[in-house]
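Asker: Given next are the chains, with one letter for each unit.
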Amino acid sequence: MSPAAVVELTGVTKRFGPDVLGLDDVSLSVAAGEVVVLLGLSGSGKSTLLRHVDGLQMPTSGGVRVLGVDVPTAGGRELRMLRRRIGFVFQQFDLVGSRTVLENVCTGALGRLRGPRLGLPTYPRGLRREALEHLDRVGLADRAFQRADTLSGGQQQRVAVARALMQRPEVPLADEPVASLDPESSAQVMDLLKTISRENSLTVLCSLHQVDLALGWGDRIVGLRTGRTVLDLPTDGLDRDQVMAVYSRVGADASALLTTAG
Amino acid sequence: MTERLAARPSTGSTAAMVVLLALLATAVWAFADLRINVATFVDGAARAAEFAERTFPLDFPPPGEILRLCGQTLAIVVLATLLSTILSVPLALLAAANTTPARSARFGARALIVVARAVPDVVLAIVFVRVFGIGALTGVLAMGLHSIGMIGKMYADAIEQIDDGPPTALRATGATRLQQIAGGVLPPVLPAFVAVGLHRLDINLRVSVVLGFVGVEGIGYAIAESLRVLDYQRGIALALVVLGLCIVVELISGAIRTALLGRGERTRFARKPAPRNDEELGVDADLTRDPRLRSAAALVEGLVSPPWTARRISSTAYGLVTALVVVASMSASGVAPLELLGALPRVVAGLGLFFPPDGGGILALLFAELLVTIKIALAATLIGVVLSLPIGALAARNVAPSPQIAQAARLVILTIRGIPELILAIVFVVITGLGEVAGAVALGVGAVGLLGKLVADSLEEVDPGPERALTATGATRTQVFFAATVPAGVRALVAHVLYLLDTNIRAATLLGIVGAGGIGFYLLNASRVLEFGVVTTILLMVFCTVMLVELLAIWLRGRF
Ligand SMILES: Nc1ncnc2c1ncn2[C@@H]1O[C@H](COP(=O)(O)OP(=O)(O)O)[C@@H](O)[C@H]1O
Ligand SMILES: [Mg+2]
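Order-wise, the sequence lines are chains A and B.
Take the first sequence: its position 210, counted from the start at 1, is 210 in my numbering, and no numbers get skipped.
Count along the second sequence from 1, add 1000, and you get the number used in my numbering.
Please note: incorrect hints may appear among the correct ones.
Partial pick of chain A residues on the chain B-facing surface, computed with a CB cut under 7 Å [claimed, not checked]:
#	residue
1	R80
2	R83
3	R84
4	D94
5	G108
6	G111
7	P116
8	F145
9	Q167
Just so you know, the hints here were simulated from the structure itself, not pulled from any lab data.
In this text, a Cβ means the ideal position worked out from N, Cα and C, and glycines have one as well.
Here chain A stands alone, though its shape is the one from the complex:
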C-alpha cells in the first residue's frame, strides 16, 4: 500500500462462469517508473490481469486502482480518460488492416478527439504530423500510406507501438507483444519497447513468454499460475531456475516458492 503506487490490485478475483477462475485473489502494487514483467503458462491469467488494469474487464471482487482512479466504480468518461493515459499493445497487433498505417497510428489519439472518425482526412493535420513523427520513431515513416495489412508481423507490431505512443501513455501495458513474431522481429520490438520506456521512465506492465527477455528487461518479475501469484521478486539476484519454477506443471511447490520469496 505504498502511496506512490501507480497500479494497485488488492485481492482481485475474476470468475468466468461458475467454475472458471481467471484471477484468484491477486494483489499487486507497482511503483512509478517500475518495469514489471508477468510470466506464466498460457491460461494462467496474464491477459486477464492486464485487461483489469485497463478497465477492459471488471473484477468479480477486489480492488483495482490505477493512476488514482478507482476502476470498478469509475464512470464511462472517467474510464476513457484513464485508458487514454494507459496504452495497450496486444499480441495480435490488432491494427485495422484495410486502413493506412498512418490512419492506424492516428487512432491512438481518438481519446483526445470528439466524434467518430473514418478515413485519414478526418484527422486534424497537426495530429497526422504527430503520428508521422511516432512512425518515424519506430522506423516506419516510409510506410505511412500503405494498407496496414501489407506489412509484416514485426512491422505491424511496431505500428501498434506507434499507435500507443500517440496516446502519450504514462503506464503502457503489453500483452505478449512478441509472441507472434520471429526472433529477429521480436528483438526489434523488444528493443523499441525498452528504449521508449527507459527514455521516458514509464511504468510498464508487460507479459512475456521468454524467461530471458523477462530477466533482461524487468525490474520485477511476477509469476502467475492458474490465476494466482506464485512469484513476485525483483530481478536483481533472481536466478533462472527460480523463474523456471513458475512453468513447472506441478502445482504443489507454488506456495513453497512464495515463502522463499517472502
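Given the coordinates of chain A, assemble chain B with the ligands onto it according to the supplied hints.
Answerer: What follows is chain B with the ligands alone, placed relative to chain A:
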C-alpha cells in the same frame, strides 16, 4: 473434411435423413397433385403457338423511349437500394451482438428486420400508391423498406463475423463506442456492405418489374400497360429489354463485387490476415519507396496526405461515379432526399392500416389456398433441384468436362437469373393457362438461376485435396465426382435447397398476383379492396410457414 468422410452416421443424421426423405416425398406428391405433366404442356402447345402468333413480330418502342424507361427504372432501383443500405447500417449495428448497446435494442432491431422481410414489397407498394399516388416515390419506399429485411440481416451477420481485436484496441486508446465502431468495425465490413448492396440492386431491378403492375413507374409499368390491353408484341419486346438490362447490371455489379471481395471470397471473408513476409506482399509499387516519404524529408515537408497513386485515383473515381449515379437518379426520378425524409411519418401512418389482423370471414378458404401455395413452392423446388443439379455441376469448372461447357452452362444460369420471375410466370400463364402449374413451372425454372449458381459455386469451393488424392489413384472423372466432390457438397446443397424452398414460398405468394394460383390472389384482392387486416392475416400465415422452414433448416444444419 477427412474427418467428415470418415464419420459414421449417428442417430441424429438418421433422423435428418428421414425428414429429408419425407420432404422429398411430399414434394413429389405436390408435383403429381398439381397435375404438372406432359399433357398439360401438350395442351399448352396449341396455346403457345397462338401466343407466338400474337407476339411476333416484336414491337420495340423507339430507342429514346427505351432509354427513358430504363433510366426511370434504374433511378428508382438505385435510390431504393441506397435508402435501404442507409437505413440498414444503424439497424445492423443495433442488431449485431458485438456492437449493440443493449439486449433490448438488439431484439428490437432484429424484429424490425424480420418484419421488413415478411412484408412483401408489392404489398408495401399497394399501400404507398394509396398514400403517395402512382410514381417513383412509391417504388423507392416499397423496395427500400422491404430490402432492409435482407440487407439489414446480412450487414448484421457481417458485423458479427469481424475480429474484435481492432475495436478492442481502439477501446484501449480511450475511444468512445461510436469511435470504436467508425474506426474498428466499419472498415473491415465496408467491402461486404457494398457487395451486399450491389447484390440487392440486382434483385430490386427484377422486383421493379412486378411493382410496375401495381403502379410504380418505369419499364415494369409499361409492360403492365401493354399486357393489360393484350398488346403482346410490345409487352414481350419490353420484357426482352428488361432481360438485357438485368444482365448488363448484373455483369457490372458482379465485376465490382469481384474487385472488392476477390474471387475466392464470394461467400466468406477472412477473419484476420496472417502476418506475412515482406517479399510476398503485393504492395502498391508507387508507395513503397516514394522518396518524399523518406522520413526526415517527409517530416520537414509535413506530408501528411497520401500521394496520388493509381489506387487512390481509381478509388476516388469509384466514389465520384457513385455520387454521380445517385444525383442522376434523383433528378431522373424526381425524388429529393428531403421528400423521402418527409414521407417517413406518412409511411408509419400507412402501415398502421395493417392492424389489427382480420380473417375477413374467409379464414378456412385462406388456409386451403395457403396449402396450394405451399404445394406450388414444393413442386417448384423439386423442379428447380432436378434442373439445377446437372446444370450447376456442368457449370462448375472443376467438374465440367471442358471449360467451354462450363462457360456455356454458366451463361444459361446467368440468362435464367436475368429473367424476372414475373416474366417467366407470364409466359407460362400464357402457355399452360392461369393457375398453379404456371406458377410452379415458372418458379422451378427460375430457381435454376439461383440454385444452379449456388451448386456451381459450392462445387468449385470444395477442398481440392481429396479430389486430387483420388485422381492420383487413377480414378475416372465420374468416380472422383461421386466419391469426393459430392459428399463435400451435400451439406451445402441441403442448406441451399431449404433456402430455395423458403424463397419459393414467398415468391409463390407473390406470383398469385399475376394469376399463378395460391394465396397470393387473395393477398392482391384484399389490398385492392383495402381490407388491410386480411392482408396482415395472410402475411402472418405465410410468415409462420417460412419460419417453420427456417427452423427445419437450422435443425438440419446441426445434423449434417
Ligand atoms: N472472456 C473469457 N471467458 C471465459 N473464460 C476466459 C475469458 N478470458 C479468459 N478466460 C479464462 O481465464 C483463464 C486465464 O486466461 P488468460 O488471462 O487469457 O491467460 P493467459 O493470458 O495467461 O494465457 C483461462 O482459463 C481462460 O480460459
Ligand atoms: Mg494471453
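Asker: Run every hint past the structure and note whether it holds.
Answerer: Each hint, compared with the structure:
Interface restraint check for R80 of chain A: the shortest CB-CB distance to chain B comes to about 4 Å, inside 7 Å, so the restraint holds. For the restraint placing R83 of chain A at the interface with chain B, the shortest Cβ-Cβ distance is roughly 4 Å, inside the 7 Å limit, so the hint holds. For R84 of chain A, the interface hint holds, since its Cβ comes within 7 Å of a Cβ in chain B; the closest pair sits about 3 Å apart. A cut of 7 Å between beta carbons decides the hint on D94 of chain A: the least distance to chain B is about 4 Å, and the hint holds.
The criterion of a C-beta within 7 Å of any C-beta in chain B is met by G108 of chain A, whose closest approach is roughly 5 Å, and the hint holds. Look at G111 of chain A: its Cβ gets to within about 3 Å of chain B, closer than 7 Å, so that hint holds up. Checking P116 of chain A against chain B: minimum C-beta separation of about 3 Å stays under 7 Å; hint holds. Satisfaction of the interface hint for F145 of chain A is found here, the shortest Cβ-Cβ separation to chain B being roughly 4 Å, below the 7 Å cut-off.
The beta carbon of Q167 of chain A is positioned within 7 Å of a beta carbon in chain B (closest approach about 6 Å), and the interface hint is therefore held.
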